[in-house]
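Chains as they are written, first to last, in our numbering: chain A, 1 to 615; chain B, 1001 to 1319; chain C, 2001 to 2393.
By construction, these hints were calculated from the structure, which means they are not laboratory data.
Glycine included, each C-beta is placed from N, C-alpha and C at the ideal position.
Be a bit skeptical, because a hint or two may be false.
[Claimed, not checked] A partial selection of chain B residues facing chain A, derived with a Cβ cut-off under 10 Å:
hint: 1; residue: Leu1090
hint: 2; residue: Tyr1153
hint: 3; residue: Glu1171
hint: 4; residue: Tyr1265
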Amino acid sequence: MRNRISFFALAAAIVALPIGLAGCPNGGGEGGEGGGGGAAKKSIHLPMRTDGPKSLDPVQGSTVYDNRACSMVYDTLLQYKYLVRPFTLEPNLVEAMPTVSADGLTYTFKLKKGVRFHDDGCFPDGKGREVVAGDVFYSWKRLADEDNKPKSWWLVEDTIVGFDEFKAAQNAAETFDYDAPVEGFKTIDDQTFSVTLKKPVVRFLWLMSMFQLSVVPHEAVEKYGNKFGRHPVGTGPFTMEEDAWVAGKSMVFQKNPTYRDDHYPSADEITDPKDRARGLHEPAGTKLPIVDEVRFTMFVEDQPMWLQFESREIGYTQVPAEYFPQAFVKLTKQLKPEYADKGVQFHSEMLLDFIFRGFNMEDELLGGWDPESRTYDPKKRKLRQAISMAISWEEFNTTFYNGLNVVYDGMIPPGLDGHPADGKAGASYRGPDIERAKKLMVEAGYPNGEGLPTIDYYVNRGGNSPEQAELFARQLKKIGVEINVKLVDFSTLIQTVDNKKAGFFSFAWSSDYPDGENNLALFYGPNEAPSANHFNYKNDEYDKLYEKILSMPSSPERTKIYEQMRDMVLEDAPYCGSMGRERFYIINPWLKNFRPSEQFYTWVKYLDVDDSTRP
Amino acid sequence: MWVYILRRILYNIPVYLGILLLVMLALRTKDPVWAFLGKRKSVADHDALEHKLGLDRAFAVQYVLFVGDVVTLSFDQESWGQPGKTANELLGDAIVPSLVITAPALLLSSLISICVGLISSFYRGRTPDRVLVILAVLGMSISFLVYIILGQYFGAFILNDKVGHRIFAVEGYPDSLTPFTWWTYCMLPVAISVIVTMGYDTRFYRAVMVEEGTRDYITTARAKGASKSKIMFVHMLKNAMIPIITRVMITLPFLIGGSILLEMYFGIPGMGRRLILAIRDNDFPVIQAFTAVFAGLYIITNILTDVLYALVDPRVRLS
Amino acid sequence: MVARFFRSRGARKFMANRLAVAAFLVIAGYLLVAGLVWFTGIITLEETLGRIGASYQPGLWGAQRSGKRIEDATFWFEVAQNAADRGDFETARGGVAFYERRLTGELDADEIKARVARGIALAKEVLVVEGFDESASVLPKVDEIDAIVVELFPHPEGWDAFMYGARHVLGTDRQGRSISFRAIYSIKVAVQVGVVTALFAVLFGSFVGAAAAFFGGWIDHAVIWLYSTFSSIPYLVLLSVLVYMFNDTSVDKTLIPLYVAFGLTFWVGPCRVIRGETLKIKELEYIQAATAIGFSRTYILIKHVIPNTAHLMFINASLLFIGAIKGEVILSFLGLGVKSGPSWGIMISQSKAEVVSGFFWQIGTATVLMFVLVLAFNILSDALQDAFDPKHV
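Pulled out of the complex, with its shape left as it was, chain A reads as follows (with noise of 0.2 Å):
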């Protein structure tokens, strides 16, 4: 017996062991926060729904993620009016709108005084120099320097002056000389700077305010090389130490101390009824950045991202498709009043969005080219119509985006210019009218599908793209066309496309900038693959009115020649579409004036924090 009771005790103590470890179990507050005592300080923890950006060199970044860190450090010439809608620009770095020359070739912009460079090791005494014009060419020369293995040329190609000649007259020399001159770009005096375009080409404004052409300072650069992306020096409203990014993990952004004057929006810019409903307006004038530091988490998973959610650890999350039954009532499309009651606001936000099928205009079977005529045989036209009219966009709405999605006709997506009212356009050849469908079939001579070999399919084999390509498979089923779907990598997609070996897929386009002329440009003939024109879609008439828009402004005249060039692409039925998601926020109490959008990341300096109602 005496055994046995020595025997438990040393098992009860063994596994007692880690329940004594726990010891203090009160207390809360992030691992290593909370040191600095004094003042409370405003810290945010807001969360990116993947495993975050790649490099904060703005010129080496791609994603949206690369966009939402460099937002942070860097600072563009221009930047999206934050609680104006349709989006509006204005100036940022620049004291105003830059001055354009009557032909519409030359901007002449001027720097705001006294902008300087974060406080940084690379300068001398380590204070931060005063931004002068010569930065602003130097940081968009490095977009040209292919050791910088740059991923954005695309955005300043063939369009200003001598930029194309000099990237390649400094690639092919021995050393790339940063000094050496372009012709389109001019300095004046250090705050004032002109550059002069090829053509006159609309989008270069928008251009002025895309990360990829952020201002560095050239000393970061030679000091920390290709460490420059993980140790940035920009003028942004934040800043960060290179040992607090945990890649694929965690950032924290502190406050730059010496972040120049910059206020929150005055209250009558606000545009939407609903942000003043929200008090979007009351923080007017209060200098930025509010917080001083800004953590961000990388979730590769939903389920945490949201669990953190509810637990009030993070400010805010965006609403995944399979959570919208959780939080929302579907009917009413409002917040359920577990939630409401918590004092969780909502905040929906249509992206601009252009997802569709597309077919390769080259294809054999599917396309139909002649390059000899430079026409289109009408029978392969037929079957691409009958194949858009047997697809159901309302029921890939229903299924996979709780009915949330704009289904609409063309490219240009929800908000812009050249967006069909209530998304239907003249030319219309959107399902599902299975009988017209199979009308069209006949015409094309493959009554019921007969005669017609079965088409590969590509699609992304992420998500549940696997689920979309059954229920694509059964509804095309019911005219008779069989496809097979390809399940691959995106890479793959992207490469099977380019190299124009895929005559059917499934692809989206995000616009680049607010501005349909971004979307016309996926027709484009001279952009065939590997290029945007990923449809290989070639109509001269078409490419001569895109020639021509790109030098107009917005008015009524371009907005009818974008739904004419709109109504020729439709009726050619290079693709199946369209549609565009609509994105749900919600918003923690304690997270105050967030206004979400995923155009523009710069928003970060705007938001506040109320501690009182934070666990």
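With chain A's structure known, arrange chains B and C on it following the hints.
Below, chains B and C without anything else, positioned relative to chain A:
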């Protein structure tokens, strides 16, 4: 003995070279460069990059060069997914978070399982033994993923909600490790991992103990009048150390590799998570370096296990 | 070989273990279901993919809380409205979309629209009531909404009612698919993966291992090198690399990548064990005697050595079966598993979003079904081990 060790090492070299060969070949079944390039690119960009990264050289040359990197332990190619970081640095960053989870998990589950194994063998065939064995089998029959999904929901979210303050973080990893932050962020994943492995470990250790219990020396000790607990803890445990050590050794490479699922769900920036992210990013240099290191560690522990066996049982050396 | 196996002392010992026999019967039951699905198609793949009703319907008695009841009703209203709008009654009435639950044929388009409008109006009235989920005052309205749904989509009768019940008994997933049908169909998938993997790994591994040990020399060295190499590649890397290779090939959507992934890694275990056993058997007198009589080496290997390792093969097979079923879950999580149709792994990884909402039907169903099978195999392999290989550690 030294000859034996040398022989084991020499023997394992071709195995390791084989692994490197297989992995490198497999990673090249597709063109990794296309994956790296962004939204818009051209064949010329592709070729330029391929050349720069040395992927246009003959495979044999690449193989020899990479083996050279492995021998000198210099994985200083820049990561594609995380430019500015080398594969070496990423390895260094990821090792600690993995160890902080797996080492305590191994320690706890071994300790607990050995105890439970002892108890079980002590009561062999009687009710406590039966109950423990059944529990172990039940535990083994549920998927790891289910443990994690439910563990995170009930163990962190619901528990915190009910208690009213945070006992375990839902996910995350502390900036600075202290016993307190460790408890908040790491205890739950450790606990889940202990629960998952305990079924297997308990069964193993029970079998070891039962086997030891039937040996002649136990009978002798008992005949000499030693107390039952003394027999268990002094004689049996001492002799069972060999399989125990072996078992722990075998687990070591997995320790460093971390647990992919746990790291993904609990946001722990360890090796498993890094590898998965690298695979998703097509981060070619990192995948190559990580696999080489994983396999190397595995081989080293294999050799160590062999040597340990040989130390204990000299007959092994002759075979 | 089989007959000899069943006459052995171990087999008798195994039969005496009642728990093991029960486990064996459970496994036989699963195999039977798998066989029925496979050969008779009592559940087709189509049925596991088709929508049967609203998303996230709870099982057994359906939704209890008003909010959820309204949400489910709204789904049927939408279906009816769409059908009436397009004048497309065929799909909704013909049971193409929702199987037994069909749109009534007794109402015309305008009548349907009127019912739907009434239902939606009622729903909106309820949804503005404070705390409508708990409030008893809204119940009459919610009941009326449900009554409208039944009027539009009458409950099926007879055999249809049974099928309808079977489909809905465990609720629906996000896409409104039957959880019960998906889980049962997954039995087939699991058994298929388990059987193919275990059979291949054990047969191949055992033969190679036995041959290596028996012939020795360079064959042995080559085999050891091969399995050392395979077992030293981190499991995850091997799998990802394999699936990466299969991706975009004609077998991509089949289970073949999964088989190969398991097959390549799983054969190592039996190979090691059987090789060790063969080394022992080789030294036994009867093998030496057989050699002395002049039988060919291959004959001895096949006729005398391998049959004597059968018990180890059985034990290994049941262990590998478990490994394959559990491995499938992990692979599905990593996006490398089954791609078309359901599997327990897919069900569990899909359910991670639902658990947060307190919806446990899918994860529960898949886990329980999987648990019982794995448990049975665990018990079986223990019993086999006890009976045939009692000294094994």
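- [ ] Hints the structure violates: just list their numbers, smallest first.
- [x] none
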